[in-house]
Amino acid sequence: MGMTIAEKIVARAAGLPEVRAGEIHTVALDKLLSNDGTTHLTIDMYHKLKNPRIADPGKIVFVVDHNIPAENPKTAAVHKKMRDFAREHGIDMLEGKGVCHQVMVENYVEPGQLIFGADSHTCSYGALGAFGTGVGCTDMLYAIVTGGSWVMVPETLRFNLHGKLREGVYPRDLMLTIIGDIGANGANYKCMEFAGDGAHGLSVNDRFVLCNLAVEAGAKTGIVEPDEKVREYVESRGRKAENLFVSDPDAKFLKVYDYDLDKIEPVVACPHFVDNITPLKDLPKVEIDEAFLGSCNNGRIDELRVAAEILKDHKVKDGIRFIVSPASNEVYLQALEEGIIETLLKAGAMVMNANCSVCWGSCQGVIGENEVLVSTGTRNFKGRAGHKTSKVYLANAAVVTASAVAGYITGPEAL
Amino acid sequence: MGHTLIEKIIMKNTGLDTVSPGQIVTVNVDRVMIHDIFIPFVAEKFKEMGFTRVWDPDKICLIYDHMVPTSAVEDVRHFQIGDAFAAEQRLTHVHRTDGICHQLMPEMGYARPGQVVFGTDSHTTTYGAVGCFSSGIGYTEMAAILGTGELWVRVPETIRIEIDGELPGNVSAKDVILTILGDLRADGATYKALEFGGSAVEKMSVASRLTMSNMSVECGAKCALVAPDEKTAAFSGVPMAEIAWLKPDPDAHYERVIHYSAAGLKPVCACPSQVDNIHPAAELVGTKLDEVFIGSCTNGRLEDLAAAAGQLEGKTVAPGLRLIVTPASRSIYIEAVKAGYIETLVKAGAIVTQPGCGLCCGRAGGILADGETVLATNNRNFLGRMGPSSVKIYLASPAVAAASAAAGEIVLPE
Amino acid sequence: MAQFTGKVWLLGDDIDTDIIIPTEYLALPSVDDMKKYAFSPLRPELAGQIAPGDIIVAGKNFGCGSSREQAPEIIKHLGVACVIAKSYARIFFRNAINNGLLLIESDLHDHVQEGDTITVAPGEQIEAGGEVYPISPLPQNLLDILEAGGLVRAMQKRNGLIS
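Residue numbers (the working numbering), protein chains in the order written: chain Z, 1 to 415; chain X, 1001 to 1414; chain V, 2001 to 2163.
Hints may be right or wrong, so weigh each one.
As the list claims (entries may be wrong) - If you anchor each label on the Cβ, the simulated ranges turn out as follows:
id : chain 1 : residue 1 : chain 2 : residue 2 : range
1  : V       : D2032     : X       : P1280     : 39 to 49 Å
2  : X       : T1014     : V       : D2032     : 36 to 46 Å
3  : X       : R1090     : Z       : A414      : 20 to 30 Å
Stated by the list, open to error - Within a straight-line C-alpha distance of at most 30 Å, the following computed DSSO-like cross-link-like pairs (lysine-lysine) qualify:
id : chain 1 : residue 1 : chain 2 : residue 2
4  : Z       : K74       : Z       : K164
5  : X       : K1315     : Z       : K81
6  : V       : K2036     : Z       : K388
Just so you know, these hints were derived from the structure itself, not from any lab. Computed from a predicted model, the values in this text were never measured in an experiment. Backbone N, C-alpha and C fix where the C-beta goes; we use that ideal spot for every residue, glycine too.
The task is simple: from the sequences and hints, build the whole structure.
The structure is reproduced here in structure tokens:
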């Protein structure tokens, strides 16, 4: 019987010809990502080991993206601990270069790889046909020391995407709609696999948006069936695209969903759950205090272009803080070249260095008591962006930008 | 007998025929600046004092900069109180995300030649660079001004500082003012006015003069003035004829006149942890750095970013070192984007942040860890200002800072 | 103002406003929340040791740096009876008077030890270790503010809220 993409990747990592969903295997990991959210804890545990060793420093990447630049001595100390450890062990350390998942996809990830990251949104790497998944720091420590780990082969939910998104509708709307349909635990432990002409029509950046949010449906990972677009992306960056795995025709899927992309419409995830989806047109008037464009989900050049297109004719409303944080320096430089940064600044946006910003919610734009944020971030959990009484709505880049102009949540057509 | 520049501004403001140092006078305030840290206190004291309406909404500037972007949920409370006060008092000059107060005040034309301006921040001395009598006060006095439009001041003695000749290529206004601070010491001009003049000051851009006036508070000065010229008129958008009176009389009485030969000045640094602990940068070469900060109301202007980009063109920041660049205002950020400085800096590995006070005020923007060393272009290197007390802070010009960022240690700029 | 006696806490030159209260604590809701961090970069334990009625004696340029009025307010809230320094930075000086905190200019710093008990007669003299150090009185306009109990009360009088 055939295998799914996830099964093929785990089989390769386990050195086996075949694996099946539900089996537990010992695997070799291709890359390990750890960021300043938790690396200090992993390092502390590492130092408590009797015979600490690192299997392969070349597989490890440290990224400082959550609290950069540091906003207090505590986070500064975390960064220093990472820096000292990375220097001592010859580990790649990217500090202030961008959000970890974006810089991983730009610089490290190859199709067919199995990657652990000490961050839930590691599932993003499915944009390149890789299997990325988030783990805690104990799992990360084990992987650092041994170079491997164990995984349970996930069952796969297959999403066949058909056609094209209409103008003004974005992959983010599609993924939020899917999460709303299957629920915040609808893909628990499972792989969300995206295929079909609708999937292949999406750019690598757009696929990133889908895979990144897979964890918000509980998924272990999300993978878009890789194709020539992926090969081109990876090879243009001097990396290899040897393992473009696709599911066999007779692979076993737990469930198959079909989505017609042209039926998708702009949606908003309302407080305080990502699956609390309302079509934008049905949303009552919600006034906002802050708008955020950025994050590993939606801080790429595509989204910045959407914002600039709106802001070339409009200004951010007085009193609204519109925070834009490009997902990486590469994205920032591209935006600079296209004149987007200038447009955003002139319109009254706050342009931040590339970082997690208010999506992480511990610095750089945190919101206060009773404030409302409309965001392109990954989560809208209670208190996620600041004060426990504050509210977060998730929407696409056009809605977020238009809302910053209007002062309430709206699409650009209302401006 | 003649008068110094500050005396003439006070005379014009009060309508007095003459004033002399030590005299206590009441001035009519032309403009005030309140920033985000202190607005809650100003608003509270204003009400506590029994005032209901501000004396003139048009004369009040409310600027958020220390807490932009917010780094703690409590920061937002300051915005909420500020916004409510602005709405209640119908304030129109409110800047929430546009940059540092001391950059915006002269840049937006709120602080103009010949005016009397007070701000709830010690670096309010900055606007002296455009021939404005400006000084920092506390929030209680600010509340009283909001109610009355007046403040008592003691007419200060004036120390005249003459800088003549041509500055060497790698010496900037920052080096000049640091050198002066080292000579005058941290309390050398307490309660007094500084008056800068001489051919080197005449040749300086308005931006460079702003750097000099900005840091004058570090020797205790009440204000630090430069007589306006054509450059000032163009910068502030006022006709030269209107401000031609803003010059000291030839027979003005100065407490002291200090002369500097510009050609003899060198790049210098303020060493930990006093601003007057000045040493030639050449003597500090080789000091290892963990971070470099370019920004603040002292040195976050376009010419500063240009100097930094000039040093970093085609180079990269030393491995393991953070270079943080914080433009002083939105318009400076835009101009620096257009000029290509931002591209150069980011390509070199700089972290370019949203305009604001950033690291200088020690609330965010690149706080350091125990035992680290930072070279910064801002105005203060006090103990504990940018992290734990063990952090060492050196202050220098943008050129020294950028060159040192590439080297990983203090070096002289090219 | 009546004469008073208090215990000396001795500090050096250039005690800046970041030492008196570091910026990171300025957003705390009240001065009482902030006061435990007073002088923390220099002497973290000091704020807990200062008792009401104690006197801070320092060198030159006390209070240099920022305009943060929390600096004199916190010293006042710690119960410090007065500060005696060789000289003061000007914004701090104004802020202290406006908050009703008595400042005295004197070189006492060079003549006393920490823990000494001294007696202050405002506007007249300081008695320490058997020696008498004369001090000069403040100008009348400042005495008016101090005697009103600070600038807020002076303005309340002006606005007829109190008599």
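Results for each hint:
1. Judged by the Cβ atoms, the range 39 to 49 Å given for D2032 (chain V) and P1280 (chain X) holds: they are separated by roughly 46 Å.
2. A hinted range of 36 to 46 Å holds for the C-beta pair T1014 (chain X) and D2032 (chain V), which are about 40 Å apart.
3. Between R1090 (chain X) and A414 (chain Z) the beta carbon distance is about 29 Å. The supplied range of 20 to 30 Å therefore holds.
4. Our distance criterion of 30 Å between C-alpha atoms is broken by K74 (chain Z) and K164 (chain Z), whose separation comes to about 47 Å.
5. A C-alpha spacing of about 27 Å is found between K1315 (chain X) and K81 (chain Z), which places the hinted pair at or below 30 Å, so the restraint holds.
6. Simply put, K2036 (chain V) and K388 (chain Z) have alpha-carbon atoms about 27 Å apart, close enough for the 30 Å limit, and the pair holds.
Hint compliance for this structure: hint 4 is the single one not met.
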